[in-house]
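S.K.: Put chain B on the given structure of chain A with help from the hints.
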Amino acid sequence: MEPLLEVTNLSKSFSVSATAFGGPKRRLQAVAGVSFALYRGETLGLVGESGCGKSTIGKLILRLLEADGGEIRFAGQALQTLSQRQMRPLRRELQMIFQDPFSALNPRMRIGQILSEPLQIHRLGNSNLRTQVVDCLRTVGLDEEHYDRFPHEFSGGQRQRIGIARALITRPQLIIADEPVSALDISIQAQIINLLCDLQRRLKLTYLFIGHDLAVVRHVSDRIAVMYFGKIVELAATEELYTHPLHPYSEALLNAAPIPDPRQRGKRRILGGEIPSPIDPPSGCALSPRCPYARPLCVQVAPELEEVMPGRWSACHYSTEVGRFRRQDTTAPAD
Amino acid sequence: MPLLHIDNLHTYFFTNGGLTKAVRGLDFTIDRGETLALVGESGCGKSITALSLLRLVPEPGRIVNGAIRFDGEDLLRIPLTEMQRIRGNRIAMIFQEPMTSLNPVLTIGDQIGEVLRLHIGLSRHDALDAAAQLLQRVGIPAGRQRLREYPHQLSGGMRQRVMIAMALACDPELLIADEPTTALDVTIQAQIMELLDDLRSERNMATLLITHDLGLVAESADRVAIMYDGLIMETAPVEELFATPTHPYTRGLLACLPRLNETPDKLGTIDKPLRAAVDGSATHSFLDLCPAPFAPRNNHLPLLREIAPRHLVRCWED
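Residue numbers (my numbering), protein chains in the order written: chain A, 1 to 335; chain B, 1 to 318.
With the rest of the complex left out, here is chain B:
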């Protein structure tokens, strides 16, 4: 049984301007200890997927349909108090911008300590000891002294390490990392990704890595799910996805990438009509313009179909 099984998830936003279907029938699974990269461009619904998992979708958004089975239990059907116990304890999350996720007026020690006191029930004194150890583990030396510092006194990389320490405080089974290194410089990004990889194998923790960076995906994911317009277009083990990308959107994304070891004359592009065109004139989505095996028929999109073991593509049978 997979650790997490998302089944036909729909999250809609009921705005004054009308209905926005941010997530419209999402399916994927994550096994214990596995890293699944959820890849897509801005607006594809990948962050809303993460928030849906934790039942933290902001107003006016609502999960309208589907199931989120975590360790066999549907998170959408448990009472909120139970959900609160799962958040932070068994499923933890780190965000893109650590500065806005940390409380600027509390010390690092208070913030990590709070997690430990709330979820594990440690005393204030024990919590500080445990927090210092956690900081040590995520590569912040002189943890004791750092506990007395405030977020603004730390660099971006250090803040992200603090966020990771908080997320790991309760030894979660699933870590959701939403663009964890996007705000960081490349040498610091490499440090953080290495730290996450080490922690994951050390704790057999499953990770949902949300990112737009296919380089990061290639370096640390086991499996990849490519998301576009609220749906998974293709999912496959990482080597297979890069070796035989099948959906036009996946192929387009890979062709767009400038590479370190080759300079093509021209980069590939995705001929993607804009969804929110100025006057609503662009009624076609990228999918409408796809070749027949991938395009909608009678206003229906094809389902995800297994074309090779664990390699699913949204396409018609023929």
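Pulled out of the complex, with its shape left as it was, chain A reads as follows:
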């Protein structure tokens, strides 16, 4: 099956000053050779900690940022070869949902305008624009009465529904959701996650779901790519990644995530140290200064992402050993 989106060896670096007051420019490698494919109707979760490059990937795909290298193919078409004008009809197919719906909505526009504008720009509007917009509002659980209101009149959860409606109104194939529930309260978060899952089933959407909360990402994703320091370090089907991670960083993330069950409390192996400075990257594997499995080889040679088992990719010299420090699920029956 041909993937809907195929990203090959994508890279992007930024030029930054060494200090807050200027000084010589340095290169900051935000995305360093990332490849993955996204199939129709699936959700690929992209997880990692802040600064790992996951949001940059979203922006590169939409060409809100231009990549330094690599290729992005959407439905067989290489996006970077297109001019911005040629890109425009494709933007209808590729939409984005942002983390903070308030800063993503123009405070001076009424909801009706916010949702009609994409229809007008892409010439999708028919004679009854209002009905089209109201239909879309209903799809995301809002109502006609919200049509003439301004963004500030809504709660955070409702605003995120408006953000979702705006992404949906052009009937896209692919939605890039960048931390869409991170700013929301737990009860609202659950509603939005349910809505996103519902919409996917009903409208046959494909999602690239960017997040940092492992439990949330697990709930929505079919496959997951774990990122560290600008690279994908592990890629696997959701279930397999959570039961048996093959990269030390995935294992560490799973160990660090707090589990809402006091019976599972106990000592666990925590990753020490901090995320290294991207301006001054460590040699070899970027995780090596923090990794409990690290050996001299790791400092010398950066491991490549390889298919360790069918459908399971990991970038670690010692993938086969990973699992030794996994926190035990004390409530599961022993096998």
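No lab work stands behind these hints: they were computed from the structure. Some clues are possibly wrong.
[Stated by the list, open to error] Listed next, the stretches of chain A that the computed footprint assigns to chain B, with coverage defined by at least 3 CB atoms under 8 Å from CB atoms of chain B:
hint, stretch
1, 205 to 218
2, 250 to 260
3, 267 to 275
[Stated by the list, open to error] Derived EDC-like pairs (lysine to aspartate or glutamate); straight-line CA-CA distance at most 20 Å:
hint, chain 1, residue 1, chain 2, residue 2
4, A, K267, B, E239
5, A, K267, B, D197
6, A, K267, A, D280
This structure is a prediction, so every number in the text was calculated from the model and none was measured. Note that beta-carbon positions come from the ideal geometry of N, C-alpha and C, so glycine has one too.
M.R.: Chain B alone, transformed into the frame defined by chain A:
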């Protein structure tokens, strides 16, 4: 006698738009060395509770009723100068965003040193030595050199460690931690929570952990109080709360959580009408829609009732 006993606390905000009852009759206790997690969603009044404890409620807010008994003494009835001695000395607080709580134009050494000079009366030189030791204890190596750095030179995790060092400088009996790891990445969060746990058992320090993250609660609290709309809905020892949640709000919160080890078809939701609806049309609160044992009667909410040892739920007797 508990270390802290909050009794019928009311903190109201007298705004131009009218009266907002942020905290409206709060009761809870914390024993020495105990960690109580105060859990709720944004706007439930949990941070205002913390500020009330320190008598730092910002204008136009005011504590209008209740008592805050700390070690037997009502903090609401002591002179301000005495309160200032208790703040930082016996009750310390760490905040969510360490960057906004640290002074950007003073070095780390100046800021930790100030606490030590003010509260313990150390000389400038001794204060720096003590500050370096504190940094060492909270896991910042090369403390001496770090003392000369400014907050912007540190990572988020390091800044939170500095905040913890400042809070612990005077060996407080009670630490208030208001969302201490919300701004941090998950691996760093795990480090900070482990540090707080270690420090607490080492010093027999009581902790009021304010959070919205039930995962953190399960990992580090002894007891939990669930707060909604300015009131405690349920409080219980942590194992009991997770094993037999009783109030509909508690049950709703737990059902909403996505889990690491299971994927239900759909997450639970709390059918919570919005309090501040656009046109004031939502007059019902979540509580009005609760089943009879938990719903208000004649405009009165039920009181907290003990349904099992140390397990209190806001419900009617029948």
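S.K.: Taking 8 Å as the C-beta cutoff, is the stated coverage of the stretch 250 to 260 of chain A by chain B satisfied by three or more residues?
M.R.: holds (count 9)
S.K.: Using C-beta distances, would you say chain B covers the stretch 205 to 218 of chain A, given that this needs three or more residues below 8 Å?
M.R.: Since three or more residues must qualify, the claim that chain B covers the stretch 205 to 218 of chain A holds, with 6 doing so at under 8 Å.
S.K.: Next pair to validate is K267 (chain A) with D197 (chain B); report whether the Cα-Cα distance is within 20 Å.
M.R.: 11 Å, holds
S.K.: Just to make sure I understand the rule, a stretch counts as covered if three or more of its residues have a C-beta closer than 8 Å to a C-beta of the chain. Does the stretch 267 to 275 of chain A meet that for chain B?
M.R.: n = 6 at 8 Å, threshold three: holds.
S.K.: Is the Cα-Cα distance between K267 (chain A) and D280 (chain A) 20 Å or less?
M.R.: 33 Å, violated
S.K.: Between K267 (chain A) and E239 (chain B), does the CA-CA distance stay at or below 20 Å?
M.R.: Measuring from Cα to Cα gives roughly 17 Å; hence the hint holds.
The structure is inconsistent with hint 6 alone, although it conforms to all the rest.
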